[in-house]
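Student: Here's the letter readout for the chains.
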Amino acid sequence: MRIVVQATPFDLGAEAAGFAGGKPGMGAIVTFTGVVRDNANGTLERMGIEHYPGMTEKAITQIAEQAKARWSLGDVLVIHRHGELRPGEMIMMVATASRHRKDAFEAAEFLMDYLKSRAPFWKQEITRHGAEWVAAREEDEDALGRWTPNQG
Amino acid sequence: MRIVVQATPFDLGAEAAGFAGGKPGMGAIVTFTGVVRDNANGTLERMGIEHYPGMTEKAITQIAEQAKARWSLGDVLVIHRHGELRPGEMIMMVATASRHRKDAFEAAEFLMDYLKSRAPFWKQEITRHGAEWVAAREEDEDALGRWTPNQG
Amino acid sequence: MEVLYFAWVRERIGLPKERVETTAETVAELVEELRAREERYALAFSDLSALRVAVDQELTDFDAPLSGVREVAFFPPMTGG
Amino acid sequence: MEVLYFAWVRERIGLPKERVETTAETVAELVEELRAREERYALAFSDLSALRVAVDQELTDFDAPLSGVREVAFFPPMTGG
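Protein chains in written order, with this note's numbering: chain S, 2 to 153; chain Y, 2 to 153; chain C, 22 to 102; chain U, 22 to 102.
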């Protein structure tokens with residue numbers, strides 16, 4: 002398991018190839034990569050990402066441990082950037098390895114759903130008109146319900 | 002959309018980075034990579050993959066077109082190898098790009114479910130005791146039911 | 022028409038493809054003709070539920086018509102991915 | 022204890038963290054004390070449903086106890102990923 006929180010860019014190709022390599026028992030590798038999209042008006046200059054140093058790594062590690070407890074995973078990788086990013090830059094990635102594809106897919110979706118709403122990051126859209134905090138989307142909170150059916 | 006059927010290895014890192022790059026409207030990139038696993042006894046020498054030249058590309062293209070009709074996708078990539086592979090080698094990959102993560106995840110799972118059971122590939126496990134065709138798994142056929150709820 | 026065989030169907034019949042002259046109107050009728058030929062065909066086609074068929078490179082059913090068809094392929098359930 | 026603020030909570034209060042001496046027994050009581058200080062605190066804490074709290078770097082609720090706690094953080098719902 003590897004958890005990385007950094008301001009600098011990461012190399013998706015090197016990370017994906019490095020993660021997938023040398024895992025002979027793992028038949029399935031899933032990666033998710035988040036990219037900074039422009040806003041609806043095409044005016045986004047930068048995306049600012051604030052985080053809570055100290056808590057961030059701890060929270061992501063807990064989420065990854067939950068995924069490992071729930072699915073049969075050979076390995077988990079989470080990389081998340083903070084600081085200021087331009088449209089088109091990669092914000093974050095997760096990767097999961099498992100024997101069969103179902104575990105790798107479900108665990109990657111679980112990681113994404115929890116990282117969105119439970120890891121201490123806050124996004125801010127910066128245009129020439131100023132900076133605006135991105136509001137949490139209700140559907141991101143709702144997405145967590147999928148993983149706790151008994152608690153709604 | 003890019004569909005590749007080839008005997009030679011592919012470079013996951015280069016493919017993933019190339020696919021994810023230059024898609025500023027796409028916030029979500031999902032990749033799935035299939036790797037040759039050893040068998041339960043640890044005796045697998047090679048995995049042979051036969052295919053139906055001519056039909057293969059056509060069938061994969063149809064599956065990818067179905068995915069594009071069903072989800073909002075900016076791009077789709079499918080690479081599938083044939084010939085003989087050793088344990089640990091990558092057999093195939095799919096990649097999907099979308100604005101939001103739900104489309105990219107679901108489309109990648111859909112592509113995998115259909116490639117498993119509807120693209121004309123047949124796997125054969127080769128050990129020093131001989132070669133044995135891999136039987137289709139009932140759960141792979143059942144997985145398709147998820148995408149056609151009305152038809153069971 | 023061309024008739025193609027893949028995986029263990031190819032192995033049982035002993036060849037990857039052959040030219041077949043037939044008046045069969047459906048895939049099922051073609052299968053009956055092939056079965057009647059020799060033991061290896063009868064063996065390959067003994068359980069149709071274990072077989073799949075493509076007509077002109079499109080998956081279809083055993084009751085598919087053969088008029089105008091150039092290529093029929095028989096094979097076991099696919100195991101790609 | 023250390024009290025930390027993030028995102029627009031930090032902006033409204035005007036600082037990222039401060040040392041607070043308090044006898045509050047729960048997070049909710051601490052919030053009441055902070056609200057009573059100045060208008061900018063009252064504004065930041067006007068709608069608790071729009072806020073989240075972490076105690077010693079673990080997400081928790083506003084009724085969490087504060088005994089032995091070293092660090093409390095207030096922030097809006099997270100928007101990572």
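Just so you know, these hints were derived from the structure itself, not from any lab. There's no promise every hint is true.
The calculated BS3-like cross-link candidates involving lysine-lysine, where the alpha carbons are at most 25 angstroms apart (straight line), are [stated by the list, open to error]:
{"hint": "1", "chain 1": "Y", "residue 1": "Lys59", "chain 2": "C", "residue 2": "Lys38"}
{"hint": "2", "chain 1": "Y", "residue 1": "Lys24", "chain 2": "Y", "residue 2": "Lys69"}
{"hint": "3", "chain 1": "S", "residue 1": "Lys69", "chain 2": "S", "residue 2": "Lys24"}
{"hint": "4", "chain 1": "Y", "residue 1": "Lys69", "chain 2": "Y", "residue 2": "Lys103"}
{"hint": "5", "chain 1": "S", "residue 1": "Lys69", "chain 2": "Y", "residue 2": "Lys24"}
{"hint": "6", "chain 1": "U", "residue 1": "Lys38", "chain 2": "S", "residue 2": "Lys59"}
{"hint": "7", "chain 1": "Y", "residue 1": "Lys69", "chain 2": "Y", "residue 2": "Lys59"}
{"hint": "8", "chain 1": "Y", "residue 1": "Lys103", "chain 2": "S", "residue 2": "Lys103"}
{"hint": "9", "chain 1": "S", "residue 1": "Lys103", "chain 2": "S", "residue 2": "Lys24"}
{"hint": "10", "chain 1": "S", "residue 1": "Lys69", "chain 2": "Y", "residue 2": "Lys69"}
{"hint": "11", "chain 1": "Y", "residue 1": "Lys24", "chain 2": "Y", "residue 2": "Lys103"}
{"hint": "12", "chain 1": "S", "residue 1": "Lys69", "chain 2": "S", "residue 2": "Lys59"}
{"hint": "13", "chain 1": "S", "residue 1": "Lys103", "chain 2": "S", "residue 2": "Lys69"}
Which chain C residues face chain Y? A few, computed with CB under 7 angstroms, are given here [stated by the list, open to error]:
{"hint": "14", "residue": "Phe83"}
{"hint": "15", "residue": "Ala85"}
{"hint": "16", "residue": "Ser88"}
{"hint": "17", "residue": "Gly89"}
{"hint": "18", "residue": "Met99"}
We put the beta carbon where it would ideally sit given N, CA and C, even for glycine.
Student: Now tell me, hint by hint, if it's right for this structure.
Tutor: These are the hints, each one checked on the structure:
no., hint, verdict
1, Y:Lys59 <-> C:Lys38, "holds, 20 angstroms"
2, Y:Lys24 <-> Y:Lys69, "holds, 16 angstroms"
3, S:Lys69 <-> S:Lys24, "holds, 16 angstroms"
4, Y:Lys69 <-> Y:Lys103, "holds, 14 angstroms"
5, S:Lys69 <-> Y:Lys24, "violated, 32 angstroms"
6, U:Lys38 <-> S:Lys59, "holds, 20 angstroms"
7, Y:Lys69 <-> Y:Lys59, "holds, 15 angstroms"
8, Y:Lys103 <-> S:Lys103, "holds, 16 angstroms"
9, S:Lys103 <-> S:Lys24, "holds, 17 angstroms"
10, S:Lys69 <-> Y:Lys69, "violated, 32 angstroms"
11, Y:Lys24 <-> Y:Lys103, "holds, 17 angstroms"
12, S:Lys69 <-> S:Lys59, "holds, 15 angstroms"
13, S:Lys103 <-> S:Lys69, "holds, 14 angstroms"
14, Phe83, "violated, 17 angstroms"
15, Ala85, "violated, 15 angstroms"
16, Ser88, "violated, 20 angstroms"
17, Gly89, "violated, 18 angstroms"
18, Met99, "holds, 6 angstroms"
Checked against the numbered hints above, the structure violates hints 5, 10, 14, 15, 16, 17; every other hint is satisfied.
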